[in-house]
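2 protein chains.
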Amino acid sequence: MAPHRVGIIGFGKIAQDQHLPAIRANPDFELLAVSSQRGLSPEDAKYTFVDYREMLKLPDLDAVAICTPPQVRHDIAKQALQAGKSALLEKPPAATLSELEDLKRIASSARKTLFTAWHAQHNDGVDAAAKALQGQAIKRLLITWKEDVRQWHPGQQWIWQAGGFGIFDPGINALSILTRIAPQPIFIKQATLEFPANRDAPIAASLVFASGSVGEDLRAEFDWRQTGPQTWDIEIDTAAGQHLLLTKGAARLEFDGKVVVDETPAEYTGVYQQFDTLLKAGTSDVEDMPFRLVADAFMIGKRVPVEAFED
Amino acid sequence: MAPHRVGIIGFGKIAQDQHLPAIRANPDFELLAVSSQRGLSPEDAKYTFVDYREMLKLPDLDAVAICTPPQVRHDIAKQALQAGKSALLEKPPAATLSELEDLKRIASSARKTLFTAWHAQHNDGVDAAAKALQGQAIKRLLITWKEDVRQWHPGQQWIWQAGGFGIFDPGINALSILTRIAPQPIFIKQATLEFPANRDAPIAASLVFASGSVGEDLRAEFDWRQTGPQTWDIEIDTAAGQHLLLTKGAARLEFDGKVVVDETPAEYTGVYQQFDTLLKAGTSDVEDMPFRLVADAFMIGKRVPVEAFED
Numbered sequence: 001m002a003p004h005r006v007g008i009i010g011f012g013k014i015a016q017d018q019h020l021p022a023i024r025a026n027p028d029f030e031l032l033a034v035s036s037q038r039g040l041s042p043e044d045a046k047y048t049f050v051d052y053r054e055m056l057k058l059p060d061l062d063a064v065a066i067c068t069p070p071q072v073r074h075d076i077a078k079q080a081l082q083a084g085k086s087a088l089l090e091k092p093p094a095a096t097l098s099e100l101e102d103l104k105r106i107a108s109s110a111r112k113t114l115f116t117a118w119h120a121q122h123n124d125g126v127d128a129a130a131k132a133l134q135g136q137a138i139k140r141l142l143i144t145w146k147e148d149v150r151q152w153h154p155g156q157q158w159i160w161q162a163g164g165f166g167i168f169d170p171g172i173n174a175l176s177i178l179t180r181i182a183p184q185p186i187f188i189k190q191a192t193l194e195f196p197a198n199r200d201a202p203i204a205a206s207l208v209f210a211s212g213s214v215g216e217d218l219r220a221e222f223d224w225r226q227t228g229p230q231t232w233d234i235e236i237d238t239a240a241g242q243h244l245l246l247t248k249g250a251a252r253l254e255f256d257g258k259v260v261v262d263e264t265p266a267e268y269t270g271v272y273q274q275f276d277t278l279l280k281a282g283t284s285d286v287e288d289m290p291f292r293l294v295a296d297a298f299m300i301g302k303r304v305p306v307e308a309f310e311d
Numbered sequence: 001m002a003p004h005r006v007g008i009i010g011f012g013k014i015a016q017d018q019h020l021p022a023i024r025a026n027p028d029f030e031l032l033a034v035s036s037q038r039g040l041s042p043e044d045a046k047y048t049f050v051d052y053r054e055m056l057k058l059p060d061l062d063a064v065a066i067c068t069p070p071q072v073r074h075d076i077a078k079q080a081l082q083a084g085k086s087a088l089l090e091k092p093p094a095a096t097l098s099e100l101e102d103l104k105r106i107a108s109s110a111r112k113t114l115f116t117a118w119h120a121q122h123n124d125g126v127d128a129a130a131k132a133l134q135g136q137a138i139k140r141l142l143i144t145w146k147e148d149v150r151q152w153h154p155g156q157q158w159i160w161q162a163g164g165f166g167i168f169d170p171g172i173n174a175l176s177i178l179t180r181i182a183p184q185p186i187f188i189k190q191a192t193l194e195f196p197a198n199r200d201a202p203i204a205a206s207l208v209f210a211s212g213s214v215g216e217d218l219r220a221e222f223d224w225r226q227t228g229p230q231t232w233d234i235e236i237d238t239a240a241g242q243h244l245l246l247t248k249g250a251a252r253l254e255f256d257g258k259v260v261v262d263e264t265p266a267e268y269t270g271v272y273q274q275f276d277t278l279l280k281a282g283t284s285d286v287e288d289m290p291f292r293l294v295a296d297a298f299m300i301g302k303r304v305p306v307e308a309f310e311d
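Those protein sequences? They're chains A and B, same order as listed.
Counted the way the numbering used here counts, the first sequence spans residues 1 to 311.
Counted the way the numbering used here counts, the second sequence spans residues 1 to 311.
None of these hints come from the bench; they were simulated from the model.
Each statement offered as a hint is correct.
Repeated chains share a single entry, so a pair holds when one copy, or any two copies, can fit it.
Calculated cross-link-like contacts (lysine-lysine; reagent style DSBU-like; alpha-carbon spacing at most 30 Å): (1) 131 - 248; (2) 13 - 104; (3) 57 - 189; (4) 248 - 139; (5) 104 - 189; (6) 46 - 280; (7) 280 - 131; (8) 104 - 57; (9) 139 - 104; (10) 78 - 104; (11) 78 - 13; (12) 131 - 104; (13) 78 - 189; (14) 46 - 78; (15) 78 - 139; (16) 131 - 78; (17) 302 - 146; (18) 13 - 46; (19) 280 - 57; (20) 280 - 78; (21) 302 - 189; (22) 57 - 78.
So here's chain A without its partners, still in its complex pose (with noise of 0.2 Å):
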């Protein structure tokens, strides 16, 4: 047997993606459940729920990957830590950022493991950045992260709705990388929001950065509208005169012109590997950063509105 017998609730686009063939890879993961509100279900699930809170009652369960949409992700984890599950969250971890305090607060007296999955973080290119950038000052920062939301996000009316994040659900990705490569703590001093006419979330956003070195250019451009290529790049050059460019969502990294990593993604499998120490260690990891700084953008954030947009 497993040491982690795991549920996955909702199943979606991510959850068949990624979270199903990442179980089914790691040894140390059994797929005990799956809850789905449609009744999805693999067929190696052993068991299958349509209401998650009858999942939660299964006393071999030990712990959930919550795959919903994030407006639902504070009361499900909720119960899930409550049940004395562990808890892996989807980005982004919450609908707020009180409710993720929450969690952590609940996670903490529960005892139980509570992890937000920054899947972005596992490409290999950003172990490799973060230790090419240490000590150093970083003196210009491009994020370019552009890509045809209508491929990534067909059908889903809830990322268009007032708390759906927009551009800013693939955009916390770079965020992550961001936060864990970045060598002095990084702020988001002016933001302008794309709105379209019919929609309640952004579909475009730069961002201007700083760090409080002089002379400092930091910037990030998220587009939904790119069609052809997707662009998932952060390109840096340092004070002393390096030049660091990820690319492919941060697998291949080029550092002063040579590439010194490129790898197909696995981020999922870096996901549960990381879950499963977790898991072992009994420990939690709630990296909140990237999640503040998007919720700093909105607040901060001019809001410029833009043509109508149909997908």
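Please arrange chain B on chain A, whose structure you already have, making use of the hints.
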């Protein structure tokens, strides 16, 4: 000589109307210096500066009260703490949550007092309401915070800019009372933010909260377009059938129709009493819940354009 020699940074309306008289009235504080870009200073300040960095060089200065607009507070507080001065932050305590988080870290490593001065918490009705609500469940909450922006923020253009908070500048006072009196954690579930056509900050906001109780009805209405009498009320019904009414910004409390507190507001007297206690104990008091709720409201809020507003 008073125990704490204090400097005021930013000598605008709130510093002149509130901080100055509270410092003068408290024998534990001596006003050593004032820094003001416009060179304003009261006659009892020993030193006057145009550049706060010059003030921070005063070896006798123990602490600063940072009364500038929030956009520059992080920079100033960081330099003050690093110069070995304790810092009081007017509300909102910074431009972003990430900046406040950074200041926490800096204060802790500098071993200096950092104090988020939520002045509204110092009304006498607040402690009385918190005590009355202990162990209770709130069934109905209605916060009504309606005031005339022309009266309270004459000519303050920064509050209307992106990042200027708009109606949340007074609204955060209500939220700081709520976080102090609520017997359970409270989350924002829905927010509607009204943006005047010519402004980048909201003039009104409606919030729906949840604490997890079945059948609860928890709301707030913030509006800056009030004329005539101002309204700063919080009405609460508990599940046990008790009724609380906080009015006059929590200076007055009725409990089941009976007036139990009715004091002249003396918010900043309380602020400086608490600052004195913290300075003497060498500890910090950084409460980020009210600020986090504001960020949550901006992040999940639905933006509604309304008529242009000229002040």
